[in-house]
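Sequences listed follow chains A and B, in order.
Read in the UniProt record's numbering, the first sequence has 513 at position 513, and its numbers run on one by one without any break.
Read in the UniProt record's numbering, the second sequence has 94 at position 94, and its numbers run on one by one without any break.
FYI, nobody ran anything at the bench for these hints, they're computed from the structure.
Hints should not be assumed to be uniformly reliable.
Below, a list of computed lysine to aspartate or glutamate pairs in the DMTMM-like style, where the Cα atoms sit at most 25 Å apart [unchecked claim]:
#	chain 1	residue 1	chain 2	residue 2
1	A	280	A	311
2	A	280	B	27
3	B	81	A	625
4	A	280	B	28
5	A	748	A	625
What follows is each chain in one-letter form.
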Amino acid sequence: MTLPDCPALTRRAALAGAGALVVSFSLARSAFAQDQVQPPQNIGREPKSPAPLPGSLKVDPNLDAWIRIGSDDSITLFTGKAELGQGIKTALLQIAAEQLDVDMGRITLVTADTARTVNEGFTAGSHSMQDSGTAILHASAQVREMLLQLASARFAVAAQDLKAQDGKVVAPDGQSVRYGELVVGSELHIPATPNSRLKPLDQRRIMGKPVRRVDIPNKVAGGPAYVQDLRLPGMVHGRVVRPPSPGAKLEAVDAGAVERMPGVLKVARDGDWLAVIAEKEWQAVTAMRALAAATRWSQPTALPEKTRIFETLAGLKADTTTINQKQAPPAAAVHTIEAEYRRNYQLHGSIGPSCAVAQMQDGALTLWTHAQGMFPLRKAVAEMLSLPEDKVRCIHVEGSGCYGHNGADDAAADAALLARAMPGRPVRIQYMREDEHRFEPYGPVMTSRGAVALDGSGRIVDWRYEVRSNTHSTRPPGAGQLLSAQMLEKAFQPGPPQPLPQPEGGGDRNAIPLYDFPSQSIVHHFVPEMPLRVSAMRGLGAYHNVFAIESLMDEAAAAAREDPVAFRLKHLKDARGRDVVQKAAEAFGWSANATRESGRGRGFAFARYKNLGAYAAVAMEVSVDRETGGVRLLRAVAAVDSGEAVNPDGIRNQIEGGIIQSASWSLYEEVQYEPRRILSRDWSTYPILRFPALPRRVEVHIIDRPGQPFLGTGEATQGPAAAAIGNAIADAVGVRCRELPMTAARIKGLIGG
Amino acid sequence: MVELKVNGAVRQVDAAPETPLLYVLREDLQLNGAKFGCGLGQCGACTVAIDGAPAFSCLLPVGLLAGREITTVEGLGSPDKPGPLQQAFIDEQAAQCGYCIAGMVMRAHTLLARNPSPTDDEILEHMSPNLCRCGAHMRIVAAIRRASSRKEASRSQRGAL
Ligand code: FES
Ligand code: FES
Numbered sequence: 001m002t003l004p005d006c007p008a009l010t011r012r013a014a015l016a017g018a019g020a021l022v023v024s025f026s027l028a029r030s031a032f033a034q035d036q037v038q039p040p041q042n043i044g045r046e047p048k049s050p051a052p053l054p055g056s057l058k059v060d061p062n063l064d065a066w067i068r069i070g071s072d073d074s075i076t077l078f079t080g081k082a083e084l085g086q087g088i089k090t091a092l093l094q095i096a097a098e099q100l101d102v103d104m105g106r107i108t109l110v111t112a113d114t115a116r117t118v119n120e121g122f123t124a125g126s127h128s129m130q131d132s133g134t135a136i137l138h139a140s141a142q143v144r145e146m147l148l149q150l151a152s153a154r155f156a157v158a159a160q161d162l163k164a165q166d167g168k169v170v171a172p173d174g175q176s177v178r179y180g181e182l183v184v185g186s187e188l189h190i191p192a193t194p195n196s197r198l199k200p201l202d203q204r205r206i207m208g209k210p211v212r213r214v215d216i217p218n219k220v221a222g223g224p225a226y227v228q229d230l231r232l233p234g235m236v237h238g239r240v241v242r243p244p245s246p247g248a249k250l251e252a253v254d255a256g257a258v259e260r261m262p263g264v265l266k267v268a269r270d271g272d273w274l275a276v277i278a279e280k281e282w283q284a285v286t287a288m289r290a291l292a293a294a295t296r297w298s299q300p301t302a303l304p305e306k307t308r309i310f311e312t313l314a315g316l317k318a319d320t321t322t323i324n325q326k327q328a329p330p331a332a333a334v335h336t337i338e339a340e341y342r343r344n345y346q347l348h349g350s351i352g353p354s355c356a357v358a359q360m361q362d363g364a365l366t367l368w369t370h371a372q373g374m375f376p377l378r379k380a381v382a383e384m385l386s387l388p389e390d391k392v393r394c395i396h397v398e399g400s401g402c403y404g405h406n407g408a409d410d411a412a413a414d415a416a417l418l419a420r421a422m423p424g425r426p427v428r429i430q431y432m433r434e435d436e437h438r439f440e441p442y443g444p445v446m447t448s449r450g451a452v453a454l455d456g457s458g459r460i461v462d463w464r465y466e467v468r469s470n471t472h473s474t475r476p477p478g479a480g481q482l483l484s485a486q487m488l489e490k491a492f493q494p495g496p497p498q499p500l501p502q503p504e505g506g507g508d509r510n511a512i513p514l515y516d517f518p519s520q521s522i523v524h525h526f527v528p529e530m531p532l533r534v535s536a537m538r539g540l541g542a543y544h545n546v547f548a549i550e551s552l553m554d555e556a557a558a559a560a561r562e563d564p565v566a567f568r569l570k571h572l573k574d575a576r577g578r579d580v581v582q583k584a585a586e587a588f589g590w591s592a593n594a595t596r597e598s599g600r601g602r603g604f605a606f607a608r609y610k611n612l613g614a615y616a617a618v619a620m621e622v623s624v625d626r627e628t629g630g631v632r633l634l635r636a637v638a639a640v641d642s643g644e645a646v647n648p649d650g651i652r653n654q655i656e657g658g659i660i661q662s663a664s665w666s667l668y669e670e671v672q673y674e675p676r677r678i679l680s681r682d683w684s685t686y687p688i689l690r691f692p693a694l695p696r697r698v699e700v701h702i703i704d705r706p707g708q709p710f711l712g713t714g715e716a717t718q719g720p721a722a723a724a725i726g727n728a729i730a731d732a733v734g735v736r737c738r739e740l741p742m743t744a745a746r747i748k749g750l751i752g753g
Numbered sequence: 001m002v003e004l005k006v007n008g009a010v011r012q013v014d015a016a017p018e019t020p021l022l023y024v025l026r027e028d029l030q031l032n033g034a035k036f037g038c039g040l041g042q043c044g045a046c047t048v049a050i051d052g053a054p055a056f057s058c059l060l061p062v063g064l065l066a067g068r069e070i071t072t073v074e075g076l077g078s079p080d081k082p083g084p085l086q087q088a089f090i091d092e093q094a095a096q097c098g099y100c101i102a103g104m105v106m107r108a109h110t111l112l113a114r115n116p117s118p119t120d121d122e123i124l125e126h127m128s129p130n131l132c133r134c135g136a137h138m139r140i141v142a143a144i145r146r147a148s149s150r151k152e153a154s155r156s157q158r159g160a161l
């Protein structure tokens with residue numbers, strides 16, 4: 001395939017090829033930027049740099065870190081974010097093309113690569129548009145201004161009389177100059193300024209349009225699109241033999257027969273890490289199976305008892321923090337509602353198991369991976385291999401959608417270990433289905449308790465909410481975060497689990513309701529000890545918290561005998577929040593006294609993701625079979641406000657997908673395990689939604705806010721969709737399921753009979 | 001040596017006869033379309049057409065396929081010249097990560113070849129073996145409908161079944 005970059009292409013060559021504007025892009029500076037400045041976002045800390053620059057310009061303010069223009073008119077755009085199937089490439093190209101006044105097709109986009117791009121941390125938390133999109137918006141606008149200045153000097157015409165147009169600057173008398181001609185002898189290695197002259201809204205022709213995604217043609221027609229499709233000269237294939245249960249120790253292995261199998265190049269062992277390398281992929285799979293049969297493992301550490309998991313969680317030591325408190329003089333409560341909500345372990349379940357390719361050459365490692373953070377991964381892998389960081393290069397290549405921290409980093413670590421075992425040859429590994437299902441870090445088990453007090457007028461006068469959860473991030477940069485590094489002879493220990501701080505939060509993400517209650521207390525019980533290995537899964541704690549809060553709101557509305565939508569609006573001042581609630585209700589045809597067929601119900605839910613990102617409201621109609629407890633989705637209507645919508649169809653796609661995925665999580669999905677084994681090892685032991693279970697209609701309404709900041713969208717409906725389904729079930733059959741997933745068996749149990 | 005007929009061309013492949021077709025397509029024939037998803041016949045990422053019927057290439061030993069007509073998504077068009085069904089997927093922007101999509105296109109292809117105007121229920125039933133984790137389902141159905149010869153399908157009804 002045509003690679004974003006190939007191993008022979010050194011940094012120097014890459015730079016030389018990029019043209020006149022890159023002369024002073026220096027390694028020293030980029031290393032400084034990576035080490036000294038926190039990547040913005042999603043690890044919860046504010047960047048240390050005080051410069052009030054927009055988005056990720058805070059991490060690297062130099063314009064040539066983002067945009068380079070060659071004397072041949074080539075334009076290269078750099079982002080530290082990665083395409084995860086969310087359409088980010090297209091949206092970023094739209095922004096740059098708009099502000100630079102060129103066709104999208106003229107721009108080459110380079111995504112996350114430790115040798116070439118800015119360190120923008122992880123591509124996670126719905127941050128790409130806020131961080132990278134904002135940086136590129138301003139960098140592109142400032143580059144255009146510079147080009148106008150350069151042309152102004154050349155033509156001796158005032159810059160405001162010139163026009164940037166289709167890769168040229170045009171003067172009033174008709175003479176023009178190409179961008180490539182203008183940049184000769186000048187450079188963009190200058191810092192951005194805090195303010196940009198953005199193209200006026202009424203002149204925009206690419207941003208805000210449902211531009212077709214640039215990556216889709218390859219994906220529908222078998223063009224190279226994924227790290228799985230990478231074929232390097234001399235490439236060989238590796239597979240790992242995973243233990244029967246997490247934590248089991250490899251007592252003995254008889255590799256002799258496997259080493260003699262056709263195509264087998266090597267059996268590699270380091271402590272409890274065991275792998276095989278073969279010339280061809282199927283040979284590696286066959287050898288891996290034979291090798292697995294030739295191993296003996298010690299009794300593994302016991303896993304928790306699934307039927308007692310919530311007691312287990314409740315019994316573990318917790319660090320307790322009150323994350324939000326509001327006090328008002330006590331009011332007379334006429335109703336109080338108390339309820340506990342639960343979420344079981346769920347898995348990311350990428351359709352393509354994780355994959356990576358690595359090559360060790362002259363003591364340096366190149367790693368092609370679909371992990372979410374190239375720089376943190378580089379740090380972890382360098383530590384694991386005892387290499388200096390500058391001897392490891394991580395290049396992002398797309399994989400199957402990940403929805404958070406799945407097996408991607410672990411597969412990258414395995415590829416690195418395999419490459420070390422076979423220097424010189426590129427080694428590819430793709431996990432088997434059971435490797436991914438059994439060993440990916442799961443979405444954590446969670447519980448929360450709410451106590452809601454209402455006065456005689458049906459107003460909430462006091463809201464208490466406590467959530468209990470493990471961490472929601474065990475990502476690199478520590479080598480100990482990599483599964484295989486924990487299994488080596490010289491084992492790396494995972495660092496102590498950390499909570500992700502507010503305002504974004506981890507287990508407590510979205511635990512603070514956006515409603516206006518006079519008195520409230522929100523508590524986070526952070527449980528460091530992990531009964532099963534967990535990490536970030538799309539939405540983090542927001543999925544559970546929004547499910548709980550929005551279910552409680554319905555429980556409270558029912559106690560107040562009020563319509564759920566009217567009840568929400570009565571407690572919600574945030575104007576944009578009100579807009580999405582009203583939009584979704586109106587588009588759904590919500591009316592306070594609609595009559596319904598028996599067994600049918602409708603539900604509503606709303607949240608602003610992280611209380612910082614996109615606003616989303618979802619209305620859902622379902623039917624419930626009283627005999628089986630089975631839920632059928634009928635239709636979903638969503639309204640979303642993502643600030644300025646760069647690609648409305650991209651937003652729509654994310655929201656539709658988020659609703660369907662959340663419906664699958666919320667109705668069917670929980671990891672099965674017993675003390676000795678993870679039982680969910682494939683799609684029959686961990687079923688997800690299939691086509692016949694689709695709703696008949698999924699409708700998305702976007703409230704566009706041109707000129708407003710981009711708000712992350714990718715995770716906005718995970719919580720609202722779950723709660724809307726729960727509320728619709730309660731409406732249909734009068735029972736409230738407070739445990740995720742809301743399986744037929746649970747609902748049947750609640751209905752009784 | 002195994003002889004296979006793939007996308008109309010006869011290919012000689014140096015693979016053991018028990019090797020699943022998927023590995024031969026991807027590695028020996030360097031075709032990207034069929035994907036490894038589970039190797040178990042549970043997800044459909046590896047779907048190809050064999051003599052016009054959908055098949056899980058991850059389960060089919062190449063030794064059994066002599067003389068059979070194997071079609072992969074590459075046989076329906078290319079990124080530059082997509083076939084009508086592929087074009088319908090592009091028109092509906094029916095993908096997120098897209099990992100499942102080649103398998104979806106192939107399974108849909110086998111439906112439309114024998115039933116050019118399937119009902120929505122027929123589409124859902126037929127597509128049931130294939131999983132999509134991104135939730136692109138509504139668009140996938142819209143793309144299939146668009147590529148069908150159903151009259152009302154001439155206008156996109158994305159989002160609705
Ligand atoms: S890879 Fe063949 S069905 Fe999943
Ligand atoms: S589009 Fe990602 S799995 Fe279907």
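Hints, one by one, checked against the model:
Straight-line distance between C-alpha atoms of residue 280 (chain A) and residue 311 (chain A) comes to about 48 Å, which puts the hinted pair past the 25 Å bound. A threshold of 25 Å between alpha carbons decides the hint, and for residue 280 (chain A) with residue 27 (chain B) the separation of about 8 Å falls inside it, so the pair holds. For the hint linking residue 81 (chain B) to residue 625 (chain A), the alpha-carbon distance of about 47 Å lies beyond 25 Å, and the restraint is violated. At roughly 9 Å between alpha-carbon atoms, residue 280 (chain A) and residue 28 (chain B) fall within 25 Å of each other, so this suggested pair holds.
For the proposed pair residue 748 (chain A) and residue 625 (chain A), the alpha carbon gap of about 9 Å is at most 25 Å, so the pair holds.
The structure is inconsistent with the numbered hints 1, 3, although it conforms to all the rest.
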